[in-house]
Amino acid sequence: MKKHSLPRLAAIALAALICAASAQEAPPPPPRDAANAAFWWRIDNPSPNPIDSPYAFYQPLVKLAGAPGPFLPTAATGKTTVPAQALDEAAQFVQASKGKALIVVHRGVVQTERYFDGTDADTAFSAHSMAKTLGAAAVGVAMREGHIKSLDQPASTWLTEWKDPARAGITVRQLLTMSGGFRNQPSKELGSHYIQLHYGADVEAIVREAPVAYAPGTDFAWDNDNSHALGLVIERATGQRYLDYVASRIWQPLGASDAEQLLDRPGGRAMAYCCVWSKPRDWVRVGQMLLDGGSWQGKRVLDESFVRALRSPSAANPLFGYQVNVGPAWQDPRLNRRALEQGDDKVAAVEPDMFYMSGVGGLQVVMVPSEQLVILRVGKGSPAWRDHVLPNLLVKALRASR
Amino acid sequence: MAALNINGKTVEVKAPPEMPLLWVLRDLLHLRGAKYGCGIAQCRACTVHLNGEATPSCVLPIAALDGKAQVVSIEGLKGRVAEAVQAAWVELDVAQCGYCQAGQVMGAVALLRRNPKPDDGAIDDAMSAHLCRCGTYPRIRAAIHLAAQRLK
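First to last, the protein sequences are chains A and B. If you're matching positions, the first sequence starts at 1 in the numbering used here and goes up one per residue. If you're matching positions, the second sequence starts at 403 in the numbering used here and goes up one per residue.
No lab work stands behind these hints, which were simulated from the structure alone. Everything numeric in this text was worked out from a predicted model, so none of it was measured. Each hint should be verified, as a subset may be incorrect.
Keeping only pairs whose Cα atoms sit at most 35 Å apart, straight-line, the calculated DSBU-like set for lysine-lysine is [said to hold, decoys possible]: (1) B:K416 - A:K63; (2) A:K63 - A:K98; (3) A:K79 - A:K299; (4) A:K299 - B:K416; (5) A:K79 - B:K411; (6) A:K380 - A:K163; (7) B:K519 - B:K416; (8) B:K519 - A:K396; (9) A:K79 - B:K470; (10) A:K149 - B:K416; (11) A:K188 - A:K79; (12) B:K416 - A:K79; (13) B:K416 - A:K396; (14) B:K411 - A:K299; (15) B:K480 - B:K519; (16) A:K380 - A:K346; (17) A:K149 - B:K470; (18) A:K149 - B:K554; (19) A:K299 - B:K519; (20) B:K416 - B:K480; (21) A:K299 - B:K470; (22) A:K149 - A:K163; (23) A:K188 - A:K346; (24) A:K380 - A:K79; (25) B:K519 - A:K149; (26) A:K188 - A:K98; (27) A:K188 - A:K396; (28) B:K470 - A:K63; (29) A:K380 - A:K188.
Just a sample of chain A residues kept apart from chain B, beta carbon distances all over 10 Å, derived [as the list claims (entries may be wrong)]: (30) A35; (31) K79; (32) L190; (33) R265; (34) D292; (35) S370.
C-beta atoms are modelled at their ideal positions from N, C-alpha and C, and glycine is treated no differently.
Based on the provided sequences and hints, a complete structural model is requested.
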């Protein structure tokens, strides 16, 4: 891919614009009108812990329709291909770090499936940012179907509100790799873009107002604006609602069960950056499909070449692909808030050829192609939880057993 | 007992549900065209067609095949595209040691059925997962082009 350098003048103009934006006070909060009712409901009903909110705090939720189909076979007791001792150790770690579910699949066969803390296979959880990878997969389907011709097309092809020079050239690839130019600092100002990003009642307004903080493609910043924008790109490129598209092209072919997705407001659009209430096994389906190069039990969902690209290091950050962590991403403080304080930045991956979906609070689905492993952990955040423990433990055990 | 549809016939095999398809093909049905290479779906020597898709069989537990799944191994490959690919393979003398070639042929046939006129990029996209230690890649690419031309 050819890299374009911004003409000098535009770069200076952009720098001036960015300085002006950061010096500005946050705009006033939106009015308490009908259009913003969903926003104000979220503000007036704050969750005790915003990164681990109970179900009731996700409003409105609508159905992401599934089509339940057979899951993967399970190894008979005593016949696992991953050493039983390592599976026990993994389960103990998950239980001790506030985990609720652990599923390990090796070569397409479930090795262990454990639920803790009163949960079972039917307990739904919010997949948080793992939903972003689903959005990236939807882009892959849209390419397969010809709705998007190239990832190097400007997103403004569809996001026509991005007319300004700072955003008109942002490509779909830059959005996928979190290098679209967005970097929102955390803020408590109700009118700030940061708050709108998470609680706003209008995804289109969020995307319309997304402020650019660096020249797109020149840096990496894990920022939800990228994911919101992708959701809209998919809707407008395919002419279908994001949820309908994800349901019919991905969720149902995988045989997943009904799930629920947070909308910006009643009758509105999917908050594509997060908040799919779904069951653990259904994320193992997504993981196994990605591990198998885009097909699930003989049904092709994504092109193999797209999956290969999705899990490859991106130009802006070698530890990030298309809305998915690649390799030992736990080392990067931009992807793991506690990387430095915990020393995770110094922990290598036993098998660097891995990738993982990740959600706040230690949600993860790890895929290790060279070992044919899929590992899911769902649960709450805990200081005892570390992203690298499960993949390193299980890969090491598999290798020692040969 | 599991009932599987292999090469157009329903066969009953006595195998545990987690047994990968490749073992069923080679050890139980004595169809030895699909090869065991890496055992972890990274080399594609074991490729078969599952509902028309080129699929590695070494990590596909038979329990993942529903009753309607159609499996075709290289022994059961037939039709215009398959014949054109096989003829091109012979004409250009593609194989060297040959170990990976059954998988390569399965991959090439699936590709041409999906995309009758692949360019180099599409061939590389579809075929790059198939490893060949002899390095026959240029001949594989040429043979796919030749077969595509014949099929016009």
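Going down the list of hints, with the structure as the test:
Distance hint between K416 (chain B) and K63 (chain A) is unfulfilled; the C-alpha atoms sit about 41 Å from each other, more than 35 Å. Restraint check for K63 (chain A) and K98 (chain A): the C-alpha separation of about 28 Å stays at or below 35 Å, so the hint holds. Our distance criterion of 35 Å between C-alpha atoms is met by K79 (chain A) and K299 (chain A), whose separation comes to about 28 Å. At most 35 Å may separate the alpha-carbon atoms for a hinted pair to count; K299 (chain A) and K416 (chain B) meet this at roughly 25 Å.
The straight-line distance between the Cα atoms of K79 (chain A) and K411 (chain B) is roughly 31 Å, inside the 35 Å bound, and the hint therefore holds. Restraint check: the Cα-Cα separation between K380 (chain A) and K163 (chain A) comes to about 41 Å, which exceeds 35 Å; the hinted pair is violated. Taken as a hint, the K519 (chain B) and K416 (chain B) pair is broken in the structure, with Cα atoms around 42 Å apart against an allowance of 35 Å. Among the hinted pairs, K519 (chain B) with K396 (chain A) is inconsistent with the structure: their alpha-carbon atoms are about 44 Å apart, more than 35 Å.
A C-alpha spacing of about 28 Å is found between K79 (chain A) and K470 (chain B), which places the hinted pair at or below 35 Å, so the restraint holds. Among the hinted pairs, K149 (chain A) with K416 (chain B) is inconsistent with the structure: their alpha-carbon atoms are about 47 Å apart, more than 35 Å. For the given pair, K188 (chain A) sits about 53 Å from K79 (chain A) by alpha-carbon distance, which is inconsistent with the 35 Å threshold. Restraint check for K416 (chain B) and K79 (chain A): satisfied, since their Cα atoms lie roughly 17 Å apart, inside the 35 Å limit.
A threshold of 35 Å between alpha carbons decides the hint, and for K416 (chain B) with K396 (chain A) the separation of about 33 Å falls inside it, so the pair holds. With a C-alpha separation of about 21 Å, the suggested pair K411 (chain B) and K299 (chain A) falls inside the 35 Å cut-off, and the hint holds. A threshold of 35 Å between alpha carbons decides the hint, and for K480 (chain B) with K519 (chain B) the separation of about 20 Å falls inside it, so the pair holds. Restraint check for K380 (chain A) and K346 (chain A): the C-alpha separation of about 24 Å stays at or below 35 Å, so the hint holds.
Annotation: proposed proximity of K149 (chain A) to K470 (chain B) holds, straight-line Cα distance about 34 Å (limit 35 Å). The straight-line distance between the Cα atoms of K149 (chain A) and K554 (chain B) is roughly 26 Å, inside the 35 Å bound, and the hint therefore holds. Using a Cα cut-off of 35 Å, the hinted pair K299 (chain A) and K519 (chain B) holds, with the two alpha carbons roughly 23 Å apart. For the given pair, K416 (chain B) sits about 27 Å from K480 (chain B) by alpha-carbon distance, which is consistent with the 35 Å threshold.
With a C-alpha separation of about 12 Å, the suggested pairing of K299 (chain A) with K470 (chain B) holds against the 35 Å cut-off. For the suggested pair K149 (chain A) and K163 (chain A), the alpha carbons sit about 21 Å apart, so the restraint of at most 35 Å is met. Between K188 (chain A) and K346 (chain A) the alpha-carbon distance is near 33 Å, which keeps this suggested pair within the 35 Å criterion. Under the criterion of a C-alpha separation no larger than 35 Å, the hint pairing K380 (chain A) with K79 (chain A) is consistent with the structure, at around 31 Å.
For the hint linking K519 (chain B) to K149 (chain A), the alpha-carbon distance of about 18 Å falls within 35 Å, and the restraint holds. Distance check on the hinted pair: K188 (chain A) and K98 (chain A) sit about 28 Å apart at the alpha-carbon level, within 35 Å; holds. Restraint check: the Cα-Cα separation between K188 (chain A) and K396 (chain A) comes to about 44 Å, which exceeds 35 Å; the hinted pair is violated. Our distance criterion of 35 Å between C-alpha atoms is met by K470 (chain B) and K63 (chain A), whose separation comes to about 29 Å.
Restraint check: the Cα-Cα separation between K380 (chain A) and K188 (chain A) comes to about 24 Å, which is no more than 35 Å; the hinted pair holds. The beta carbon of A35 (chain A) is kept farther than 10 Å from every beta carbon of chain B, the shortest such distance being approximately 45 Å. Taking the minimum C-beta to C-beta distance to chain B, about 8 Å, the non-interface status of K79 (chain A) is violated against the 10 Å cut. Here L190 (chain A) stays apart from chain B, with its beta-carbon at least about 48 Å from theirs, past the 10 Å limit.
Distance check on R265 (chain A): its Cβ is at least 40 Å (rounded) from any Cβ of chain B, clearing the 10 Å threshold; non-interface status holds. With a closest Cβ-Cβ approach of about 7 Å to chain B, D292 (chain A) is found to fall inside the 10 Å limit, against its non-interface label. Not every beta carbon of chain B lies more than 10 Å from that of S370 (chain A), the smallest distance being close to 6 Å; the non-interface claim is violated.
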